[in-house]
Every structure is written in C-alpha cells, then in structure tokens.
Amino acid sequence: MSAKKKITKKVIRRAKGTPVVLTSEHQAKVEREKRLAMYAGVGFFMVVIAVVWAINFKNNIQPASRQAVSPNTQLDAAALNFKEALTEAKKNMADLKQAMNNSGQVAAIKLPTDMERRIELEKLLFILNDKLTQASSTGEK
Numbered sequence: 001m002s003a004k005k006k007i008t009k010k011v012i013r014r015a016k017g018t019p020v021v022l023t024s025e026h027q028a029k030v031e032r033e034k035r036l037a038m039y040a041g042v043g044f045f046m047v048v049i050a051v052v053w054a055i056n057f058k059n060n061i062q063p064a065s066r067q068a069v070s071p072n073t074q075l076d077a078a079a080l081n082f083k084e085a086l087t088e089a090k091k092n093m094a095d096l097k098q099a100m101n102n103s104g105q106v107a108a109i110k111l112p113t114d115m116e117r118r119i120e121l122e123k124l125l126f127i128l129n130d131k132l133t134q135a136s137s138t139g140e141k
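Numbering of the sequence shown is given in this note's numbering, commencing with residue 1 and proceeding in unit increments.
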C-alpha cells in the first residue's frame, strides 16, 4: 500500500447541478494547461508589442536617415548665404567709396534731422486728431 499515492477528489458542480469528480492528477493537469495558456497569451501579446514597436522604430529612423544622407545641404545653404552677404558688403563698400569721392555733392544735400521728422509727425497727428473729433461730433464714420 505504500506504493500507492493518495488520491484526493475535488467535487465541482456543473451548471446542470450534476457533480463532476476530479482527481488530484487531473487537477494538476488542468493547472498546467491553465499556466501554459497564460504563458502563451502573454508571449503572444509580447510579440505583438515588439512587432509594433519595431515598425514604429523603423518609421522613425527612415526620415532621420534620409536627412543624414545629405548633410551638405545645410553647409551649402550656409556657404551661399555667406557669399550673398559678402557681395552685398562689397556693393555697400563701393557705394560708400563713391559717396566719399562725391563728398562735395553730398554736403550740398540737406537731409531732415530727427527733430524735424518728429515735428512733422506731431503736426500730422494733430490734424488727424482734429478730423477724428469733427467726425465723431457730427456722427460720421
């Protein structure tokens, strides 16, 4: 009798109300199958998540690699901008030299000073204010 295992029975009721008797070996088998199903489900969803992540990673890396293929475009644009700035500076220097050579003509031209511009602006604002007050008093728009 010592070679024989002790078998425990667990009674489970069906929906119909008839009892089902399960042995401990059968219960262990059911538990193993439950655990296997759990691991299979978890593994499946981990694979799904890994595949989605890999696709997303690939989609994010492709635009970055396309930009990295032509890094000279930024350098070319900077060089072009620098050349344009140099040509503009040379043109301004030529204009300045010409103005210095014609200093007699430049001295004869009278440019309005900052104060004269402010006075003209105040006059215009005063006239505009008068017209607005007249229009608001007569009800015109």
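Where hints are given, some of them may not hold.
[As the list claims (entries may be wrong)] Per label pair, the in silico range of CB-to-CB distance: (1) L75 - F45: 42 to 50 Å; (2) E25 - V51: 52 to 60 Å; (3) A94 - F57: 30 to 38 Å; (4) Q74 - T113: 41 to 49 Å; (5) L75 - K97: 27 to 35 Å; (6) N101 - D76: 57 to 65 Å; (7) E116 - T87: 32 to 40 Å; (8) S24 - N59: 36 to 44 Å; (9) N101 - P63: 29 to 37 Å; (10) N81 - F44: 28 to 36 Å; (11) E116 - D95: 39 to 47 Å; (12) E122 - A94: 51 to 59 Å.
[Said to hold, decoys possible] Okay, derived cross-link-like pairs now, SDA-like style, lysine to any residue, Cα gap no bigger than 25 Å in a straight line: (13) K97 - E116; (14) K123 - N102; (15) K83 - N72; (16) K90 - N102; (17) K97 - A78; (18) K58 - V47; (19) K58 - V48; (20) K29 - V48; (21) K83 - N102; (22) K83 - D95; (23) K58 - F44; (24) K91 - N72; (25) K131 - L121; (26) K90 - A78; (27) K123 - S137; (28) K131 - E120; (29) K91 - L80; (30) K131 - E116; (31) K83 - L96; (32) K97 - D76; (33) K34 - W53; (34) K34 - L22; (35) K90 - D76; (36) K58 - L80; (37) K97 - A77; (38) K83 - Q98; (39) K97 - M115; (40) K123 - Q134.
In case anyone wonders, no lab produced these hints; they're calculated from the structure.
Please read these numbers as outputs of a predicted model, since none were measured by experiment.
Cβ atoms here follow ideal geometry from the backbone N, Cα and C, with glycine treated the same way.
To see whether the hints hold, each was checked on the structure:
1. L75 - F45: 42 to 50 Å: 47 Å, holds
2. E25 - V51: 52 to 60 Å: 39 Å, violated
3. A94 - F57: 30 to 38 Å: Roughly 56 Å apart at Cβ, these two residues miss the hinted range, so it is violated.
4. Q74 - T113: 41 to 49 Å: Given about 45 Å between the Cβ atoms, the range holds.
5. L75 - K97: 27 to 35 Å: For K97 against L75, whose Cβ atoms are near 33 Å apart, the range 27 to 35 Å holds.
6. N101 - D76: 57 to 65 Å: Since the Cβ atoms of N101 and D76 sit about 38 Å apart, the hinted range of 57 to 65 Å is violated.
7. E116 - T87: 32 to 40 Å: Cβ of E116 to Cβ of T87: about 35 Å, so the range 32 to 40 Å holds.
8. S24 - N59: 36 to 44 Å: At roughly 53 Å between Cβ atoms, N59 and S24 fall outside 36 to 44 Å, so the hint is violated.
9. N101 - P63: 29 to 37 Å: At roughly 56 Å between Cβ atoms, P63 and N101 fall outside 29 to 37 Å, so the hint is violated.
10. N81 - F44: 28 to 36 Å: At 55 Å between Cβs, range violated.
11. E116 - D95: 39 to 47 Å: 25 Å, violated
12. E122 - A94: 51 to 59 Å: For A94 against E122, whose Cβ atoms are near 38 Å apart, the range 51 to 59 Å is violated.
13. K97 - E116: At roughly 29 Å apart (the allowed maximum being 25 Å), E116 and K97 break the hint.
14. K123 - N102: The given pair, whose Cα atoms are some 35 Å apart, is violated under the 25 Å limit.
15. K83 - N72: Status holds; Cα separation ~16 Å.
16. K90 - N102: 18 Å, holds
17. K97 - A78: With Cα atoms ~28 Å apart, K97 and A78 exceed 25 Å; violated.
18. K58 - V47: Answer holds: K58 to V47 is near 16 Å, not above 25 Å.
19. K58 - V48: 15 Å, holds
20. K29 - V48: 28 Å, violated
21. K83 - N102: 29 Å, violated
22. K83 - D95: 18 Å, holds
23. K58 - F44: 21 Å, holds
24. K91 - N72: Distance of about 28 Å is beyond 25 Å: violated.
25. K131 - L121: Roughly 15 Å between the alpha carbons, so the hint for K131 and L121 holds.
26. K90 - A78: 18 Å, holds
27. K123 - S137: Distance ~21 Å between K123 and S137 Cα, so the pair holds.
28. K131 - E120: 17 Å, holds
29. K91 - L80: Holds, because 17 Å separates the two Cα atoms, which is no more than 25 Å.
30. K131 - E116: Holds, at about 23 Å.
31. K83 - L96: Holds - the C-alpha atoms of L96 and K83 are around 20 Å apart, at most 25 Å.
32. K97 - D76: 31 Å, violated
33. K34 - W53: Distance ~29 Å between K34 and W53 Cα, so the pair is violated.
34. K34 - L22: 16 Å, holds
35. K90 - D76: 21 Å, holds
36. K58 - L80: Status violated; Cα separation ~34 Å.
37. K97 - A77: Not OK: K97 and A77 at ~30 Å, beyond 25 Å, violated.
38. K83 - Q98: 23 Å, holds
39. K97 - M115: 29 Å, violated
40. K123 - Q134: 17 Å, holds
Comparing the model with each earlier hint shows violations of hints 2, 3, 6, 8, 9, 10, 11, 12, 13, 14, 17, 20, 21, 24, 32, 33, 36, 37 and 39; every other hint is respected.
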